[in-house]
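Novice: So the chains spell out like this:
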Amino acid sequence: MNHRAYTTSSLPGVPIPVNEPAQSVFPGWQDILTGYPLSGAYDEMFQAGGDPRPAFRRLFEQLAAMPAEEIERAQRAAALSFLRQGITFTVYGRGDQTEQIFPHDLVPRILTRTEWEKIERGLTQRITALNLFLQDLYHGGRILRDGVVPRELVYSCRHFRREMQGVKVPRNLYIAVAGSDLVRLPDGSFAVLEDNLRVPSGVSYMLTNRQVMKNVFPQLFQHYSVRPIDQYGEELLATLRALAPAGCDQPTIVVLTPGVYNSAYFEHAFLARQMGLELVEGRDLVTHNNFVYMRTTAGLRRVDVIYRRVDDEFLDPLTFRSDSALGVAGLMHAYRAGNLGMANAVGTGVADDKAVYAWVPDMIRYYLAEDPILPNVETYRLDQRSQRDWVLDHLHELVVKATGESGGYGMLIGPHSTTRERAEFRERILEKPRDYIAQPTLALSRAPCLMNGRMVARHVDLRPYILYGEKITIVPGGLTRVALREGSLVVNSSQGGGSKDTWVLSGDE
Amino acid sequence: MLSRVADSLYWIARYLERAEHTSRLLDVNLHLMLDQSAWLEEPRWRRLLVSLNLPPSQEAPEVLVRRLSTDAGNRASIVACIAAARENARQVREQISSKMWEQMNRLFLRVQQLPLPDTWDAQWYELYREVREGIQLFHGITDATLSRNEGWHFLQAGRYLERAISVTSLLESYMLPGSEPEAEHQHHERRVELLRSCEALDAYCRQFTADFRADQVTGFLLLSPEFPHSVHFAAIRIQEAVDALCAELQGRNPSRIVRLAGRLRSNLGFSQIDEVFAVGLREHIELVQRLCGQIHTTLYQVFISYQIEASLVG
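Listed in order, the protein sequences are those of chains A and B.
According to this note's numbering, the stretch in the first sequence is residues 230 to 738, in order.
According to this note's numbering, the stretch in the second sequence is residues 9 to 322, in order.
If you're looking for bench data, these hints aren't it; they were derived computationally from the structure.
Quantities reported herein were computed from a predicted structural model and do not represent experimental measurements.
Think of the CB as a built atom: it goes at the ideal place given N, C-alpha and C, for glycine as much as any other residue.
It cannot be assumed that every hint is accurate.
As the list claims (entries may be wrong) - From the derived model, a few chain A residues whose C-beta atoms are all more than 10 Å from chain B:
| id | residue |
| --- | --- |
| 1 | T341 |
| 2 | R371 |
| 3 | S418 |
| 4 | V445 |
| 5 | A493 |
| 6 | L603 |
| 7 | Q613 |
| 8 | S615 |
Said to hold, decoys possible - On the chain A side, residues computed to face chain B include the following (Cβ under 10 Å):
| id | residue |
| --- | --- |
| 9 | R313 |
| 10 | K443 |
| 11 | A498 |
| 12 | A501 |
| 13 | Q503 |
| 14 | L508 |
| 15 | A527 |
| 16 | G528 |
Just chain A, with the same shape it has in the complex (with noise of 0.2 Å):
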């Protein structure tokens, strides 16, 4: 059998190597791996000779072992599973919108425990950071008129909320639950490639993708430590509770959806049953004397604490979008009354827009007086000169991101463009260059995932999710996500991207 090693995916400046045959040296796995690219990118799976790194050795020896039926029949069961539960998403942008179950990849990426310790200390070492900063931010700027972060900066920033200017949050705590997002270089060190602190979404996948790997795969697990995940719902009810306003004891608790429409609807529902909280809408809630109450048939509850899946703008027709069905209008005068805690707070998207992003390690030497543990990856300013006829020059290599958005949305990925698509963001970027940064084309790394009965390399980040309550607690991995078409480096699930379960060992191997 002749093993052809090819890199499917070619990016710019990468070497593109010499026909080198894979050495596998497990016999069986050659079918699967025919065509396995191994250079070009950090493979999770794969060392550079085609050997498996030592913590995959044996979960590589358990799939190379099993007959093709058990894999499919795997692959079946898995997808019943998700079906069954509806754990669907909507895919928008290829003309309509489609409601798809959420594609799962058998094989689980694995981090070792020494990786896992370094993604650790340096994410709670950056939340610290941004927390610190959302409330220097709206407490005088300290930063600012230090000069570390520019001032324009953030007061140009969408998501900066004057109305939350001298606010009050319990504990201080503006982000109580975070999702960032890590790639690994090719090198094989972690690197920051944006923070989400809004509404970051994702969990019940990470959550549902273990229980079926359990359910389905059961085998593959035997030969594993791996640290369990299922103690989510607990802390972020812990972490909720930490969020009472003062003299609150014993915190009614609610999970704010905007309703049965929104894309991630499965997840809200998920979260509330898992916690045993109320699921809630805008037009469930009021407030009065600058309390909030729901409304039930028992009459008026009070609610101490929201876990809020709405967006700022949304939140409140008072105070915010007026025309906004989804708020409840007066519950920033509850808030800024100190009668109401919020996960997140109001206010958090000033730190993670992908402009203010390229300060977060300045912040951390500020606030912190530390290095960052886990780097940033380099970013170009658009609304200076210099860099913009740079990168304006070099649209081809680069990735150009929207600054306010998320969902990967608003995003030109240079070497997949066309021309046209070039021009476009071109006449953008010099309309609101405020609206854009641009990136370096990654070589994110690759990890095998099951196709049609191939081994095939697909394109994964990782997101922990992070929380922050009496401390800050990331449960161990974190979503993987796949960018499923071959050589696309798109993850978001909202454009068609999958998961994988993410295993972190209790030990290196």
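Starting from the known structure of chain A, fit chain B onto it as the hints suggest.
Specialist: Below, chain B alone, put in the same frame as chain A:
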């Protein structure tokens, strides 16, 4: 539970009951029409509209039947009622069992799919049968999978309030003297039709034999405590639901709704049919319908749309 959820559950039950009732009425009338004289038709459709609480219409029967069955644009149609029930269920999907939702969805999709030909053929009866069976299956699944909590009681309240109103409307339409004088055999046919419209023919005959006297038929459908489609039966269930719901309230005074439900039940429970006729069947039916309307309004006032100041709790 959230007031919005109670509201949705209540309306799921009312819409389904309405769809089932309409479906049964159309089925019965279409069947009978086949072998009865043509000149009976116009009064028949007039009676149908009155019993459904709908305004009179000059439409041809085929048009009317289609409008009441499959016209999604007509809020009173079977298809529209099922769609409304399903939409309400969707909003409270988390509060009902997954099997309940599946059945609701299945029923909804099924009625969307039935393309009906213009002529009266067996497919029309298929539609009505599937609707009735689909709704009955929903109730069966609910009975088997839903805990007897607040949600359950709101469903019962909705179902039986709708039933009380439907059956009294039927009685009004069939048993009160109409504008045209009729021969005795026509009265007889009418009463059989009435019983069939409530699936009551078998039960009635078992109790009274095939002797369709006006007072007996009216008494059976109005006052029987045992037959599921009698108004009295519905009143008993309404009172049970109201009592169960009021037991959950703390501090607020539900006495008005308890009194109304009690009054409805005792009005039907302690009357004999000859007393009803002495007072006047029309007056009695009006009283029942008025009480049902008041129970509906009070239900909203107590549990769903109450004023904020009146109801601050804890």
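Novice: Each of the hints needs a verdict: does it hold here or not?
Specialist: So, going through the hints one by one against the coordinates:
1. The beta carbon of T341 of chain A is kept farther than 10 Å from every beta carbon of chain B, the shortest such distance being approximately 39 Å.
2. In this structure R371 of chain A is separated from chain B by more than 10 Å, as the shortest Cβ-Cβ distance comes to about 42 Å.
3. Annotated as non-interface, S418 of chain A keeps its C-beta farther than 10 Å from every C-beta of chain B; the closest such distance is 43 Å.
4. Every Cβ of chain B is farther than 10 Å from the Cβ of V445 of chain A; the closest lies at roughly 20 Å, confirming the non-interface assignment.
5. Every beta carbon of chain B lies more than 10 Å from that of A493 of chain A, the smallest distance being close to 14 Å; the non-interface claim holds.
6. Non-interface call for L603 of chain A relative to chain B: holds, since the shortest CB-CB distance, roughly 38 Å, exceeds 10 Å.
7. Every Cβ of chain B is farther than 10 Å from the Cβ of Q613 of chain A; the closest lies at roughly 49 Å, confirming the non-interface assignment.
8. Interface exclusion of S615 of chain A from chain B stands, the closest Cβ pair being 54 Å apart, more than 10 Å.
9. With a cut of 10 Å, the hint placing R313 of chain A at the interface with chain B holds, because the nearest CB-to-CB distance is about 9 Å.
10. Checking K443 of chain A against chain B: minimum C-beta separation of about 21 Å lies over 10 Å; hint violated.
11. At about 5 Å, the closest approach between the beta carbon of A498 of chain A and any beta carbon in chain B falls short of 10 Å, and the interface hint on this residue holds.
12. The interface hint given for A501 of chain A is met, as the beta carbon of that residue sits about 8 Å from the closest beta carbon of chain B, less than 10 Å.
13. Among the interface hints, the one on Q503 of chain A is violated; its C-beta lies about 12 Å from the nearest C-beta in chain B, farther than the 10 Å criterion.
14. Given the 10 Å rule on beta carbons, the hint for L508 of chain A holds: about 6 Å separates it from the nearest Cβ of chain B.
15. Hint status for A527 of chain A: holds, given a least beta-carbon distance of 6 Å to chain B, under 10 Å.
16. Checking G528 of chain A against chain B: minimum C-beta separation of about 4 Å stays under 10 Å; hint holds.
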